[in-house]
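Asker: Construct all of the structure, not just a fragment, from the sequences and the given hints.
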Amino acid sequence: MGLGRYYLAEARNGLVSEFQYRLAAAIALLGFLIEPVIYLAVWRTVALAQGGEVGGYDANDFTAYYIVWSLVRVMNLALTPYSWEWRIRGGRLNEFLIRPVHPFHRDFAFFAGQKPVWIAIWVPMAIILWITYSPDVELTIARSLVFFVSIWAAFVIRHMYLFTLGALNFWTTRTSALFELSIAFELLLSGRLVPLSLMPDWVQRLSFFLPYRWTFLFPIETMIGRLSWPEIGVGLLAQVGWVAVLALGIKLVWGRAIRRYTAVGG
Amino acid sequence: MTHSVHVADLRRTFKVPVREGGLKASVKSLVKRRHKQVVAVEAATFDVTAGEVVGFLGPNGAGKTTILKMLSGLLHSDSGVAEVLGHQPQRREPAFLRRIALVAGNRSSIAWDLPALDSYLLLKALYGIPAADFLRRRDQYIELLELGDIVSKPVRNLSLGERMKVELVGSLLHAPEVLFLDEPTLGLDVTMQRRLRTFVQDYNREYGATVLLTSHYMADVVELCERVIVIHRGRIHYDGGLTGLTSRFASPKTITVVGSGFPSDLDGITRTFGGDVVERLPDRISLRVPPDQVGAAVSYLLGVVKVDDLNIEDPPIEDLIVRVFNEAAEDPPVPQEV
Chain C
1 MGLGRYYLAE ARNGLVSEFQ YRLAAAIALL GFLIEPVIYL AVWRTVALAQ
51 GGEVGGYDAN DFTAYYIVWS LVRVMNLALT PYSWEWRIRG GRLNEFLIRP
101 VHPFHRDFAF FAGQKPVWIA IWVPMAIILW ITYSPDVELT IARSLVFFVS
151 IWAAFVIRHM YLFTLGALNF WTTRTSALFE LSIAFELLLS GRLVPLSLMP
201 DWVQRLSFFL PYRWTFLFPI ETMIGRLSWP EIGVGLLAQV GWVAVLALGI
251 KLVWGRAIRR YTAVGG
Chain S
1 MTHSVHVADL RRTFKVPVRE GGLKASVKSL VKRRHKQVVA VEAATFDVTA
51 GEVVGFLGPN GAGKTTILKM LSGLLHSDSG VAEVLGHQPQ RREPAFLRRI
101 ALVAGNRSSI AWDLPALDSY LLLKALYGIP AADFLRRRDQ YIELLELGDI
151 VSKPVRNLSL GERMKVELVG SLLHAPEVLF LDEPTLGLDV TMQRRLRTFV
201 QDYNREYGAT VLLTSHYMAD VVELCERVIV IHRGRIHYDG GLTGLTSRFA
251 SPKTITVVGS GFPSDLDGIT RTFGGDVVER LPDRISLRVP PDQVGAAVSY
301 LLGVVKVDDL NIEDPPIEDL IVRVFNEAAE DPPVPQEV
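Chain order of the listed sequences is C and S. Residue 1 is where the first sequence starts when you use the working numbering, and the numbers rise one by one after that. Residue 1 is where the second sequence starts when you use the working numbering, and the numbers rise one by one after that.
Rather than coming from a laboratory, the hints here were simulated on the basis of the structure. For clarity, every value in this text was computed on a predicted model and none was experimentally measured. It is possible that part of the hints are untrue.
[Claimed, not checked] Covered stretches of chain C, going by a simulated chain S footprint (3 or more residues, C-beta under 8 Å): (1) 15–26; (2) 83–94; (3) 115–123; (4) 240–252.
[Unchecked claim] Result set (DSS-like, lysine-lysine): computed pairs, CA atoms no more than 27 Å apart in a straight line: (5) S:K28 / C:K115; (6) S:K24 / S:K36; (7) S:K15 / S:K32; (8) S:K15 / S:K36; (9) C:K251 / S:K15.
By construction, the Cβ of each residue, glycine as well, lies at the ideal position given by its N, Cα and C atoms.
Answerer: Shown next as structure tokens:
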């Protein structure tokens, strides 16, 4: 079997599934996009109240940051451990395990296939925000290309660590609490809540050694021109490194996890 | 003869948390958890020849589905040997998974929100099915199961029976050599059950596929399987033909005679040959007698009764199975560690 052909077929099903529930997809996306709009409103206000700048970001920078943020967020969407819990406790993993392809590929391809729909819904919102606030950002082809690569790498990384977290359900069947903790870390250490330059120094230093930064802050700052080319090089290497580490992690965890599967209810 | 499935001394236990009901027990369980090791399958040993259709019979929790899950690679065994088509299922090698299929009556692996046709295209890519084979099999199965435009509707809009049919089509598109069917007719009406059984029979004949089936519906087993494996409490109690099952468990046969001149003392007959009177009408009697007394009882009746018609019946398979389970229940239970 050509894995590429399977990826295309699964991605196509992911895309078609989104078409089946157009309204649901639009509402869900609206929910995701409200988050950056709130952050944007708050931090623009704070920046203006602080004399125009906070943590190296002025109102214009925040606007650019959160518009790009919303695209990165859409690209980063992956299967959560909640779904894993549902699958494992209900024996619904059986249908994936009986297939001659690792479940990792199924979920990755399916979510990747949904991206075009989500991006299509994101575009009008981005245009409205851009026209409303007119951020002064120089978009270059080179940076856009790096951004394109980095957001897909970010999706791979996020998908991988959520997959690993999900696999922990084989031991506890209740990793929701762990997932909540992971989200808290992500909010603080990725640039999802605020740009990391607004966080204490130790948080910024710590963020270099964890995967979160490379899934949010790095692609965003690449796109809005806040990183030098050497910094972009380091970021891309960090992404490759995390992909390698998480791939190894999945190999180790999955092999042990699957032995514990009880296939209940299926 | 080639073996599709080889199983020897297969064992599987499950660790199950236990606690009594109530708040006190709940608080106590925060500090100290108790578990029980439940033996689901114990020392299972059997072989299945290529092309054979084998039915697993047993009450709920007997271990039938656990065996099927171990053979399809979903579950790891604790010990013992399991080989399917020369592969160790628990290694879940793609080369193995491409040669088998598992259909469970209570589960659907076809995408819920999409028409089945979309899922079939996915399966084509997944199993690398050549386009010509894909189209031929898909159209053939759709016709055999009389699916028509059902495959064009989102699966969520289909009835249980329709879902089962589209599921079966999807599972067979890659022409699996071994087919595991776990309660495939669960919840279906009689017509639908019959259609599915015929379809499985046709598939078995055309492709020479090995079929392992669990079902609570005896009709599934009687119509599809020449061989049955009876499991109770994780242990195999019988492995052989359906006819062998009858003789092994020596169930009484029913002799029905239509005629006249019946002796007034039928109880005397049953005392002589053993058994009992099932039915007593002016022109007809039914007696249940042990299999080894059937010949003598029939000779006697032919001698004293003016016989218009005589019929000897095996007991219904359901009765037989209940008898097997009851006998199995009298065996010492499989040890459970607490």
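Asker: Each hint: holds or not?
Answerer: Status of the hints after comparison with the structure:
no.: 1; hint: 15–26; verdict: holds (count 4)
no.: 2; hint: 83–94; verdict: holds (count 3)
no.: 3; hint: 115–123; verdict: violated (count 0)
no.: 4; hint: 240–252; verdict: violated (count 0)
no.: 5; hint: S:K28 / C:K115; verdict: violated, 48 Å
no.: 6; hint: S:K24 / S:K36; verdict: holds, 20 Å
no.: 7; hint: S:K15 / S:K32; verdict: holds, 15 Å
no.: 8; hint: S:K15 / S:K36; verdict: holds, 6 Å
no.: 9; hint: C:K251 / S:K15; verdict: holds, 25 Å
Of the numbered hints listed earlier, those contradicted by the structure are 3, 4, 5.
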